[in-house]
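Peer 1: Given these sequences and hints, build the entire structure.
There are 2 protein chains.
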Amino acid sequence: MLKSIQSVQNEKVKEWKKLLQKKGRDTANQYIMEGFHLVEEASQNPALITTVIVREDVAVPEWVPSSMEIYQVSTEVANAISDTETNQGIFAICKKEDHEVPKQAKSFLLLDAIQDPGNLGTIIRTADAAGVDAVILGDGTVDPYNPKVIRSAQGSHFHIPFIKGNLFNWVQQLKETGVSVYGTALEGAEPFHIVEPRHPFALILGNEGNGVNPNLLELANQNLYVPIYGKSESLNVTIAGGILLYHFMNMAHS
Amino acid sequence: MLKSIQSVQNEKVKEWKKLLQKKGRDTANQYIMEGFHLVEEASQNPALITTVIVREDVAVPEWVPSSMEIYQVSTEVANAISDTETNQGIFAICKKEDHEVPKQAKSFLLLDAIQDPGNLGTIIRTADAAGVDAVILGDGTVDPYNPKVIRSAQGSHFHIPFIKGNLFNWVQQLKETGVSVYGTALEGAEPFHIVEPRHPFALILGNEGNGVNPNLLELANQNLYVPIYGKSESLNVTIAGGILLYHFMNMAHS
Numbered sequence: 001m002l003k004s005i006q007s008v009q010n011e012k013v014k015e016w017k018k019l020l021q022k023k024g025r026d027t028a029n030q031y032i033m034e035g036f037h038l039v040e041e042a043s044q045n046p047a048l049i050t051t052v053i054v055r056e057d058v059a060v061p062e063w064v065p066s067s068m069e070i071y072q073v074s075t076e077v078a079n080a081i082s083d084t085e086t087n088q089g090i091f092a093i094c095k096k097e098d099h100e101v102p103k104q105a106k107s108f109l110l111l112d113a114i115q116d117p118g119n120l121g122t123i124i125r126t127a128d129a130a131g132v133d134a135v136i137l138g139d140g141t142v143d144p145y146n147p148k149v150i151r152s153a154q155g156s157h158f159h160i161p162f163i164k165g166n167l168f169n170w171v172q173q174l175k176e177t178g179v180s181v182y183g184t185a186l187e188g189a190e191p192f193h194i195v196e197p198r199h200p201f202a203l204i205l206g207n208e209g210n211g212v213n214p215n216l217l218e219l220a221n222q223n224l225y226v227p228i229y230g231k232s233e234s235l236n237v238t239i240a241g242g243i244l245l246y247h248f249m250n251m252a253h254s
Numbered sequence: 001m002l003k004s005i006q007s008v009q010n011e012k013v014k015e016w017k018k019l020l021q022k023k024g025r026d027t028a029n030q031y032i033m034e035g036f037h038l039v040e041e042a043s044q045n046p047a048l049i050t051t052v053i054v055r056e057d058v059a060v061p062e063w064v065p066s067s068m069e070i071y072q073v074s075t076e077v078a079n080a081i082s083d084t085e086t087n088q089g090i091f092a093i094c095k096k097e098d099h100e101v102p103k104q105a106k107s108f109l110l111l112d113a114i115q116d117p118g119n120l121g122t123i124i125r126t127a128d129a130a131g132v133d134a135v136i137l138g139d140g141t142v143d144p145y146n147p148k149v150i151r152s153a154q155g156s157h158f159h160i161p162f163i164k165g166n167l168f169n170w171v172q173q174l175k176e177t178g179v180s181v182y183g184t185a186l187e188g189a190e191p192f193h194i195v196e197p198r199h200p201f202a203l204i205l206g207n208e209g210n211g212v213n214p215n216l217l218e219l220a221n222q223n224l225y226v227p228i229y230g231k232s233e234s235l236n237v238t239i240a241g242g243i244l245l246y247h248f249m250n251m252a253h254s
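As you go down the protein sequences, you meet chains A and B in turn. Residues in the first sequence are numbered consecutively from 1, following UniProt numbering. Residues in the second sequence are numbered consecutively from 1, following UniProt numbering.
Check each hint, because a few of them may be wrong.
[As the list claims (entries may be wrong)] Straight line, CA to CA, 25 Å or less: simulated DSS-like cross-link-like pairs of lysine-lysine:
| # | chain 1 | residue 1 | chain 2 | residue 2 |
| --- | --- | --- | --- | --- |
| 1 | B | K164 | A | K231 |
| 2 | A | K106 | B | K14 |
| 3 | A | K231 | B | K14 |
| 4 | A | K106 | A | K175 |
| 5 | B | K96 | B | K14 |
| 6 | B | K103 | B | K164 |
It is worth saying that the hints were derived from the structure and are not from the lab.
Peer 2: Have a look at this one:
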C-alpha cells in the first residue's frame, strides 16, 4: 500500500522528524533508521518495523514485506527526516523493543557514561561480533536509539540485548552470582594480556574523558588496562573495548 | 605579536579556509588543526607550527611559544575556518612534514584505501599506541591532513611516521628484507588468535567496504581474520586493526 507525501508540512513528516530527537523517541516509543542495509535488517523482523519510507526516485526493494505501510516521499521530505548529509533515500520507523538479559548470560558489557553516539554504536557492534550476551547502559550513556548510534551499530541493535541499568546494582548482583567483574583503568590496574580471563565475566568500559567511575573500579574484582607501547596518551574507548572483549571471548572459544 | 582579524573577507582568512580542502593543503603544503589538545601538542614542536589563531573570547594559552605569530579573530572568522559544529576557538596552521620510515623499523601498518577520515585518524592513533614503527598509506586512502583525520588521531600525527606508498612495492620490499607480511581477509585466512606472530611484521588493513585488494592478499605471507562469535556481519576496520596490532605488539613486549 503505497502512499505519497510531498510536503514537509505534512503531519506524518512532523511525527517522523520528532524521532530525530530523544524526547520525540521517548514519547512515541519509536525510532527512525535510514539506509538500505539497516532497513533490510529491520524488514526481517516485521513485528518491529511499522513503516518504510522511500524517496520518490528510489524503487521499493523486494525485501520490503508487502504487508508494510510504505510512503513515497519527495526529496525535500527525505532530507527533513534524515540525520545524514546525503541520505540513501530509504528509512524505516521501528518500535522500541523491551530487551531482557538472557538467564544463561555468561558475558556482560557494562557501559559507564559513553557519550559519543558513534562510539556507542561501534561498541554495540563490537560486542555483538565478539558474542557478548548482554550490554548494560549505565547512567550518562547516550540514547541507544540516537540515529548515529543506530548507524554505527550497523544492525547489531537487532542481535544483542541492551538495557539501561544502575551499574552499581549490576556489579553487586553479578558478583553475588559468581560473575567476575573487570574494570578498565589506567592506574591500579593490570596489563590485560598477562591476565587469564575468568568466565563468566563482566567488563566495564568508561566515559571518553573521565574513564570508569572510581567507585565502580573499587567494586570490580580486578581492573585491567591496554598497555600503551608508543607515544599516544590513550586508546579510543571502542578500540580498548574491542581488544579486551576479544581477549575474553577468544578464551571462551578455544 | 598579536594581530586582529574581524572580517571573513580578509585575505589571511581566505588562505586558512582553503586548508579545509585537500587541494588547498596540497598547494600550500600546510594544514590546519583545531582544539586545545591538538594545538598544545603542536606547540611543542615550534618548527612545525607557523601560526596560532584564537577566537577573541579565548585567552592565549601560556604554552603558545612567544615567538609565534598569533591572530585574534572574530567568532565569524573562527566559524569560517572550523571543521566542527562548535569549535573551541583555537587553531594552528602547521607545515606538512616529510616523514621517513626509520631504518630500524620492525613493525609496519599498511593501509589499503581506508576512506573514512574518522577511521584513518583512529587507526593512526591506535598504531601509535601499539608502538608501530611506520604507517604506509596506500592508494585510495583519505588525505591524512584532512581535519577529521587530524582530530581523530588526537596528536599521533606528531608521534608516528606516515608516508604514502604503493603497497605492492612495499609488500615485495618488506618480504625481501625478511619482514613477515600479514593480510586481513574473511576467507582463506586463519583466526588470528591461534597464529603465533612472527617479527618483524607488516599488517595490511583494507577498505571499509571491499577489504584488502585480493592481489595484495595473494602476496602476503599469511592472511588473518578476527572471528565473529555473534551475529554481526563484520567488525569496524579500526577495531579489527586494534585487536590484531595488539596481538602482534604484546608479543614483542613480553
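Peer 1: Hint by hint, say whether it matches the structure.
Peer 2: Hints and how they fare:
The straight-line distance between the Cα atoms of K164/B and K231/A is roughly 21 Å, inside the 25 Å bound, and the hint therefore holds. Proposed proximity of K106/A and K14/B is contradicted: the alpha carbons are some 57 Å apart, above 25 Å. For the suggested pair K231/A and K14/B, the alpha carbons sit about 34 Å apart, so the restraint of at most 25 Å is broken. Taking the CA atoms of K106/A and K175/A, the gap is near 12 Å; set against the 25 Å cutoff, the hint holds.
Restraint check: the Cα-Cα separation between K96/B and K14/B comes to about 19 Å, which is no more than 25 Å; the hinted pair holds. A hinted pair counts as satisfied when its Cα atoms are at most 25 Å apart, and K103/B with K164/B qualifies at roughly 17 Å.
When held up to the earlier numbered hints, the structure conflicts with 2, 3 and fits the remainder.
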